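K.L.:
Listed here are the chains, written in short residue letters.
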Amino acid sequence: MNQSTNKYTFKIFRYDPERSPRARYDTFSLEVAKGMTVLDCLQAIKASQDGTLSFRRSCRSAICGSCAMNINGKNDLACHLQVSLLGGRTVTVDPLPGFPVIRDLVVDLEEFYRSLERVLPWLVRSSPFPDKELPQSPAERDRIDSAVNCILCGSCTSSCPSFWFNTRYLAPAALLKAYRFIFDSRDEAKGERLELVDDRNGLWRCRTIYNCEEACPKLLKPNEAIAALKIEALKQSV
Amino acid sequence: MKTTGSWWWLLQRLSGAVLLVLIMAHFVVMHYMGFEKRLYADVLARLSNPLWKTFDLIFLSLGLSHGGYGLWGIVGDYCRSDSARIIALIAIVTAGLFLFSLGLVTVLTFHS
Amino acid sequence: MIHRYDTVIIGAGLAGMRAAIEARVSGSCCVLTKVFPTRSHSGAAQGGIAASLGNAGEDDWPTHMFDTVKGSDYLADQDAVEILVKEAPLTIIDLEHMGVPFSRTEEGLIAQRSFGGHTKQRACYAADLTGHVILHTLYEQCLKHAIKFYPEYLVLSLVLADGVCRGVVAMDILTGDIHGFFGRAVVFATGGYGRAFKITSNAHASSGDGLSIIYRAGLPLEDMECVQFHPTGFYPSGILVTEGARGEGAYILNDQGERFMKRYAPDRMELAPRDVTARAIQTEIDQGRGIGGGAYVHLDLRHLGEEKIRKRLPQILDLAMRFTAVDALKAPIPIQPTAHYSMGGIPTDIRGRVIGDAQGTVVPGLYACGECACVSVHGANRLGCNSLLEAVVYGARAGKVVCEDLPGIEWSDWPKGAVEGVQGEVRALVEREGNESLAAIRDELQESMQKNCGIFRSRGPLQEQLLIIGKLQDRFSRARLSDKGKRCNTELVEILELRSLLDFTELIVRGALAREESRGAHYRTDYPKRDDAHWLKHSLARKGPEGPVFDYKPVRITRYQPKERKY
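Chains as they are written, first to last, in the numbering used here: chain A, 1 to 238; chain B, 239 to 350; chain C, 351 to 917.
Please keep in mind that the hints were generated in silico from the structure rather than gathered at the bench. Quick caveat, the model's predicted, so the values are computed rather than measured. Some hints here could point you the wrong way.
[Claimed, not checked] Within a straight-line C-alpha distance of at most 25 Å, the following computed DMTMM-like cross-link-like pairs (lysine to aspartate or glutamate) qualify:
1) K801(C) - D40(A)
2) K494(C) - D131(A)
3) K132(A) - D444(C)
4) K470(C) - D429(C)
5) K132(A) - D650(C)
6) K218(A) - D668(C)
7) K34(A) - D650(C)
8) K494(C) - D108(A)
9) K132(A) - E457(C)
10) K836(C) - D50(A)
11) K34(A) - D605(C)
12) K74(A) - E111(A)
13) K661(C) - D187(A)
14) K494(C) - D50(A)
15) K834(C) - D50(A)
16) K132(A) - D605(C)
17) K494(C) - E111(A)
18) K836(C) - E18(A)
19) K658(C) - D145(A)
20) K470(C) - D131(A)
21) K548(C) - E111(A)
Just chain A, same shape as in the assembly (with noise of 0.2 Å):
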């Protein structure tokens, strides 16, 4: 393997209120060897520069969310961002926007998850199921497909204006839930969950700003759910 190194900057933003009430950035400087990730720099500056940098991750492999942070500006998950693809030898990481900070890169979530919970986040049938699956064609299973590929990172919430303004937005990934549940065949709560997001802190708070499509680690189009869920909500009160 090629084993070509370069050296890199990484200015990360700090912020342990128990030690000091104000946030600050520190650089460290880091041999990037090819393939690695930001995730990677991370884990090697904790292991050997710096052990009290805070931050999640689990998977590594971009599909349990843990590690989205700021990265250059732009929400990602820092697992499956090469370093060498960044442009420029300085890496600049910050929080997720718009999140309060606990320490360092770490974020709370917890007003995020509570919003998934405001759009009845699972399948409502009242007819009864048969002894086998619930039909579904490939064309109604392909209609969700995006959305139930979210992995819950809070990237697209995180970059959202209108969530920045009000914390009480639903924001684009509890929209995607919803849609998520509102376009599934199987289910049987379409009206109610189009009254929970027909909301002065729902769907017509989005202002199409389309941030949130281009923070999407995972390519996601939260924009084009939200768009779809204003047609139908549109539909619904005709």
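Assemble chains B and C onto chain A, guided by the hints.
P.N.:
This is chains B and C only, laid out in the frame that chain A set:
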């Protein structure tokens, strides 16, 4: 709080689309059709024309409702407390009604 | 602070959440989890979940059972396997009714694909995100049933008094506070331990904490030497490439472009079980037929066509680009075997109750399910798609058994000082002075485990590995933390995880050294044959005054007598 958001949303889109056309027309008429040579009489004639009166009335009402709802949206983004929202709503509606009556008086009573 | 719940579940992966959905019925129930539920490593399972639904050609549970038993190299307990495969179809239907968005056939049924070691098309899937969609659906069901989660709580010790389980002590990672969880029933669903190895498909969180806690409490662990290496991990990271890729028809090629599996498993080719395939790949690499002589071979998807790849393997396409810079539509993916699954774990009976000795004595109030448990349905080698199935089937069973047992379990006393003891232990760890680096010890452990206790094992390297672990355990006692804080001290979490790794890697190595035969994923180059006369038995390792003590218990054989295993 339950909203009838979808109707307002639709209205905002429709009024936006219509306003786009009206603004273009307004812009062309006012700035590119011999504006520098225009006399008081020309303006008077146009404002006496029932077609132009209709144009202006639609323009007025759509512009105010579109702008007012837009402001209300911004209030919704930033204002958390219900009392502040109610005050803002009253202010927007009052200002809207005031401007609408002013416009109405101008358009309807302006004749030679 | 002491919390009281009738049932305390540890781990919020498929097994833990499925257990919670059952256990909530008969009393209060909470789930402690080290990472937020949807971040559990069950979500990284890609290929599918097995059940003889017969949606893609005829299938039945005896065939599924035979495939599983043969796959296990006859070390699986057949009564447990029978339950697994019999309950599989209804379990899948149940998941579907909960809302799991499985991929569909043209007729609108759950789609099924081929998988290694399964002779029928029985892997139910949702593209290559099967674990992810089931995990999220179970989380949604938990929300529906208002199950109480304690996310980002790291369980540190088991509270046992007079041989009865009373609960656990856990640390709230975000605040650093230590809490006691007093329960009448405690269910372990803490997952696996792939992090013992350098090249692994597992999450950073998969550090086998639950196993280590059980071991430190003086209870035995079963078949720890049986570690599965998945044939296809990305090179060099080890991140998983689903077996579903081969299920869809992908080829494995060596440097000469040869589909070398024909020399190792002529009938099943790329769809041989994982132990066979992983050994074949490692042999090719070791004999210099890796690509360019390197430590990897190729997985070729190209002939499947763009549409099929995009539809059935979208995640692989994305991951290949991001982690190997290869466009899988245009070039083969570099792959290598990667540590993947722990067949061994906390011994339980078929009702999910933890057993404390070779005679099968139940530890009252303690249950285990999922990867951390060893029922054992996987024996010495698990078939792909059987792990998600086990997590859901045995997770639900454990939850139901808890409901049955709870009326018979009295609230007893919370032992005094249980929380304080752990608090002191943690404080000592944080304040400890020393000159050893936690990361260096961890790296050395993972690298040496990979080298000496990997796919091919033999006496010399295993003995060397024991010495290495001993030295590392000694160095660990001098490892120093630079983070002395309480709030979100992730370095503290890492050192606690390392303590777990150092505990149970010793059991893996000692177990592997003792088992002088080759069975399933456990392969000894110095004992290349299976030895049913001596080793058709499960190993049990427990903590003794001077290190681990081994005991053995028989394999339960009901339907299929052991015979030669060929693919």
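K.L.:
Of the hints stated earlier, which fail here?
P.N.:
Going through the list in order, the structure violates hints 5, 14, 16 and 21 and respects the others.
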